[in-house]
Amino acid sequence: MTIMKIIKYSPLLLASSIYLTGCSDSETQANQVNEQLTKSADEISKPVVYQVFTRLFGNTQTVNVPWGTKEQNGVGKFADFNDAALQGIKDLGTTHVWYTGVLHHALVGDYSQYGIKQDDPDVVKGRAGSPYAIKDYYDVNPDLAVNPERRLVEFSALIERTHQHGMKVVIDIVPNHVARNYHSIARPAGVKDFGEQDDTSKEYARDNNFYYVPGQSFQVPSSDQYQVLGGDAHPLADGLFNESPAKWTGNGARAAKPDINDWYETVKVNYGVKPDGSYDFPTLPASFATKDARAHYEFWQDKNLPNSWYKFRDIALFWLDKGVDGFRYDMAEMVPVEFWSFLNSAIKMQNPNAFLLAEVYNPKMYRGYIHQGKMDYLYDKVGFYDTLKAIMQNKQAASTIFDAQQQVADIEQHMLHFLENHDEQRIASPDFAGNALWGKPAMVVSTLISRSPSLLYFGQDVGEDGSENAGFGTPTRTSIFDYIGVPAHQAWMNNGQFDGANLTPEQASLQKYYKAIMALNNLPAVVGGDMHALNVQGSDRVVAFSRSLGRQVILVLSNFSEQQQTITINLNSQTTANIGANSALHDLLETHSGVLVSNNDQGASFTLTLNALSSAVLTNKVNNEQ
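Be aware that the sequence shown starts at 1, since it is given in full-length UniProt numbering, and climbs by one per residue.
These are calculated hints, taken from the structure and not from any lab test. Among these hints, one or two may not hold up.
Stated by the list, open to error - DSSO-like mimics (lysine-lysine), calculated; alpha carbons at most 27 Å apart, straight line:
(1) Lys348 / Lys311
(2) Lys202 / Lys192
(3) Lys274 / Lys311
(4) Lys303 / Lys291
(5) Lys515 / Lys90
(6) Lys192 / Lys117
(7) Lys621 / Lys512
(8) Lys77 / Lys90
(9) Lys322 / Lys311
(10) Lys348 / Lys192
(11) Lys515 / Lys621
(12) Lys381 / Lys515
(13) Lys192 / Lys274
(14) Lys70 / Lys117
(15) Lys291 / Lys348
(16) Lys364 / Lys274
(17) Lys311 / Lys117
(18) Lys90 / Lys322
(19) Lys117 / Lys77
(20) Lys381 / Lys364
Construct the entire structure; sequences and hints are all you get.
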């Protein structure tokens, strides 16, 4: 049985913990944590992002017809995020809610009575549409409103409710591409639409918003393995889409007829990158890697820049004015780092606390996008997540996680950790782990190994397996393209009560465990401490490390085996001195308490038995946790 300890620290206690760390590299950590000293005790925590697919969250329909309409399969609304729902999200330790799929994107539905042009299903993926094919950056998805005519008002109300529950609001910005049929009906007066002033006779011009294939019209891609809407009849599903001249496709494909596997529902945005890859804009001096956002902002003020740069800056500032607290940037690495310097510095001038998260998968680009691009956080996928997944699948020894962590040791506080998101397989799916319980040790390691913020995907904490055959979406991942119900999440939702009444005992236990893990994010050693791998004897399926800040030391041990493991942990003299020789260790997560640390010549050691997929978070309580 999981025991959740209540841990509270005053700013003074945290300050004293930091003071005892001394200077050198710990000085940087101290400065970062010191930024939080004006906050209340409850606010001292690492960021925790709760990603929710807005369209699916409040949906109560359970019929789950493949390719079903919203009338058949249901669709969630902004209004479904009531006080109970938001409190449930808050209880997971959430600091930021990432509402995915908010902006108005292409979809197969008729909202013409509201002045919205119908989308052509030939260039829409799924029936509900991809949230990353934005058709109006100044508007929100009418599917999500009880009254589509008041959709922006309803979203503004959701922002306010989220803030009232002590959480920040994050939405997507997708700078690399827009929907093939982009047309803004909600843009402010005087704002020109994307492509409205383009010279379409040229493949490329600096101030064109798009790239073109002059003299050729767009052709809808075809495949023997794919039928639009699963073969269902629709008056616009005729294999034709009027676009002349053709535009480059979102992933950079330059053919008038893209491949079926290209991002054919989108077109690529031009940032002044010529077709040969050279830049049509100033580059940042190398020295700007160490300069702050204000210096970056000032650098761009006297520069003449491509039109698309200004368009996206204005879009971001528009949503900040609406109360949005930050952005998640889709496929950021496909857009030049100089643009990010320009955009993010402008954002930070308007809101210094804005939360900026980017999807970047190339490790060679990480530091550039952080230092020059002024990103707060990047996905740690191609290192940490991929390694942790391999450990969970018993393809690698547990200790290999330290190699992955070492690769980003200098930027680890900027690397977001996750086990699920809308792009990745659900843990419980057969193609991943096949059992949601594998998320327990993995989440302990992911959350506690570093200063990295954490992301939880809705339904992860109750073991959603992503097995629904939604239509365009592929099982093992909860579909982002279709109207569908999410069964395990719906059990917690309980028809809008959000009380977990329909969860199985196993699901309820898993959720309780996730809450216990996330509650540890306010430990000073977790917020700002150093990490050291521990010497483990007895099993290669156990990960063990310490986190320390000042006199506070926690020892984290996680068993990535479906069998019980007995291991011996050897501690060095410094760790032993901080803990205290022959001290009783107490588990802040499960029930491993009363473990004695025994002296030896080099330090100390202790032996512990961990059950299958079990973890221990041990401390000697030097800072008087309650």
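Hints violated by the structure (listed by number, smallest first): Nothing - there is no hint that the structure violates, so all of them hold.
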